[in-house]
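Could you build the full structure based on these sequences and the hints that come with them?
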Amino acid sequence: MDFKDYYAILGVSKTASQDEIQHAYRKLARQYHPDINKEPEAENRFKEIGEAYEVLKDPEKRQKYDRYGSAWKAAQQSGGTPPPGYEDVWFDFSGSSEDAFSGFSGFSSFFEQLFGRGGQRSGAWNNPGAGRRDSSWSWTMPSADQEAILSLTLEEAARGGQREISLTDPETGQTKTYAVKIPKGIRPGQRIRLAKLGGQGTGRGPAGDLYLNVELLPNAAFRLEGRDLYTTLAVAPWEAALGAEATLSTLDGNVRVKIPAGSSSGRRIRLKGRGFPDAKSGAGDLYAEIEIVVPKSLSDDERRLFEELAQRSTFQPRAAETKSRA
Amino acid sequence: MRTTVMNGLMVQWGQRLETLSTDEVAARCGLHPTLVERLVALGLIESLDGRTDRFPPDVTLRLQRALRLRRDLGLSYNGAALVLELLDRIEDLERRLEQYEHQSNRWKYKTP
Numbered sequence: 000m001d002f003k004d005y006y007a008i009l010g011v012s013k014t015a016s017q018d019e020i021q022h023a024y025r026k027l028a029r030q031y032h033p034d035i036n037k038e039p040e041a042e043n044r045f046k047e048i049g050e051a052y053e054v055l056k057d058p059e060k061r062q063k064y065d066r067y068g069s070a071w072k073a074a075q076q077s078g079g080t081p082p083p084g085y086e087d088v089w090f091d092f093s094g095s096s097e098d099a100f101s102g103f104s105g106f107s108s109f110f111e112q113l114f115g116r117g118g119q120r121s122g123a124w125n126n127p128g129a130g131r132r133d134s135s136w137s138w139t140m141p142s143a144d145q146e147a148i149l150s151l152t153l154e155e156a157a158r159g160g161q162r163e164i165s166l167t168d169p170e171t172g173q174t175k176t177y178a179v180k181i182p183k184g185i186r187p188g189q190r191i192r193l194a195k196l197g198g199q200g201t202g203r204g205p206a207g208d209l210y211l212n213v214e215l216l217p218n219a220a221f222r223l224e225g226r227d228l229y230t231t232l233a234v235a236p237w238e239a240a241l242g243a244e245a246t247l248s249t250l251d252g253n254v255r256v257k258i259p260a261g262s263s264s265g266r267r268i269r270l271k272g273r274g275f276p277d278a279k280s281g282a283g284d285l286y287a288e289i290e291i292v293v294p295k296s297l298s299d300d301e302r303r304l305f306e307e308l309a310q311r312s313t314f315q316p317r318a319a320e321t322k323s324r325a
Numbered sequence: 000m001r002t003t004v005m006n007g008l009m010v011q012w013g014q015r016l017e018t019l020s021t022d023e024v025a026a027r028c029g030l031h032p033t034l035v036e037r038l039v040a041l042g043l044i045e046s047l048d049g050r051t052d053r054f055p056p057d058v059t060l061r062l063q064r065a066l067r068l069r070r071d072l073g074l075s076y077n078g079a080a081l082v083l084e085l086l087d088r089i090e091d092l093e094r095r096l097e098q099y100e101h102q103s104n105r106w107k108y109k110t111p
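Protein chains in written order, with numbering that gives the first Met the number 0: chain A, 0 to 325; chain B, 0 to 111.
Quick caveat, the hints were computed from the structure, so don't treat them as lab data. We treat Cβ as the ideally placed atom computed from N, Cα and C, and that holds for glycine. Hints may contain errors.
Computed footprint of chain B on chain A, listed as stretches where at least three residues anywhere in the stretch have a Cβ under 8 Å from a Cβ of chain B [unchecked claim]:
1) 185-192
2) 207-216
3) 252-262
Here's what the structure looks like:
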């Protein structure tokens with residue numbers, strides 16, 4: 000069991016006033032609340048912060064912590080057992096709720112050794128069973144409905160199909176694998192509901208549902224906006240000027256597209272119904288945005304031809320721009 | 000390992016999907032139905048067409064989030080509703096920013 004430096008966790012000095020402690024706690028609680036902060040570490044941080052505050056906000060607990068906490072640390076560092084007299088230290092911690100900031104249950108075993116567990120006067124060292132329950136801290140509410148993130152590639156989301164997910168039962172520790180059927184054309188932000196796969200209901204309540212929140216992994220070729228897909232089509236200057244045909248890859252295979260003569264960069268070619276599938280209103284469109292690219296180095300021939308073009312052409316690419324500025 | 004095949008139902012698409020009544024929402028979240036009604040009046044959650052007593056099933060997730068925010072951060076229901084609305088907006092902006100960055104990265108790094 001590790002010593003926990005509650006002062007360091009809250010980022011306050013050992014001589015901090017109760018006001019300073021409360022201020023630090025509130026600030027950190029807002030920052031790391033798992034419903035606000037999506038970082039995977041946020042939940043653990045938030046739990047730690049809550050535990051630290053639970054001790055330091057109460058002058059009596061704080062005093063005990065100051066006294067026995069440092070002895071504990073010293074004992075741990077020297078590899079010994081907890082300080083003598085430890086078995087007499089318990090604190091009737093029963094989750095006082097006069098403070099709005101007190102939604103915590105399930106503290107670290109360090110905390111439980113030091114202060115005992117809620118409702119049970121048994122933090123004593125000589126009763127090893129008492130304080131050692133592997134506490135699963137619950138910041139969840141009684142409802143058993145739960146949510147998780149399901150990351151899909153654009154292709155997976157478009158085609159739908161089966162995807163395996165593993166769920167571990169927190170009580171038995173058993174892992175079960177489920178093959179989830181992903182509806183075709185699911186979009187980021189949408190949810191898949193798996194009935195009865197959530198947590199256990201309270202009392203005789205029914206088992207909750209598990210919701211999978213769909214997220215799309217970044218895709219190098221396509222960008223999704225609503226039901227429409229955007230991609231780029233690289234063309235040579237002469238293809239853009241003279242018009243050409245090119246192969247474009249779409250979500251379902253390659254297609255030939257016509258590049259109209261006189262296409263500048265940014266022009267969009269629309270391929271109707273080649274976008275993202277949608278069960279309700281049909282597939283969206285695919286927009287291929289033309290991007291004119293030039294060779295990095297020119298052959299002698301190419302250079303000669305470009306130079307000739309430069310001399311003969313009367314085209315003024317900046318004419319419109321200059322006019323609008325004037 | 001045993002694999003069970005589950006049919007995922009998409010929540011937002013008006014396919015045949017069971018809905019929850021006020022009482023069912025209350026039971027799932029461990030609240031009194033009157034409180035659920037109050038939270039609807041407050042605009043924290045919305046019923047399916049804004050009038051009837053039917054809720055999309057994932058309304059419980061939003062409700063739980065609000066309850067946790069209230070409990071852990073000392074917010075009022077109204078404050079929790081505001082936080083949820085702002086979080087929705089941030090999520091939307093982040094998604095748009097991602098698209099935008101995707102677009103501008105393409106111009107930056109593409110080497111023909």
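> Tell me, which hint numbers fail for this structure?
Replying inline: Result: hint 3 breaks, nothing else.
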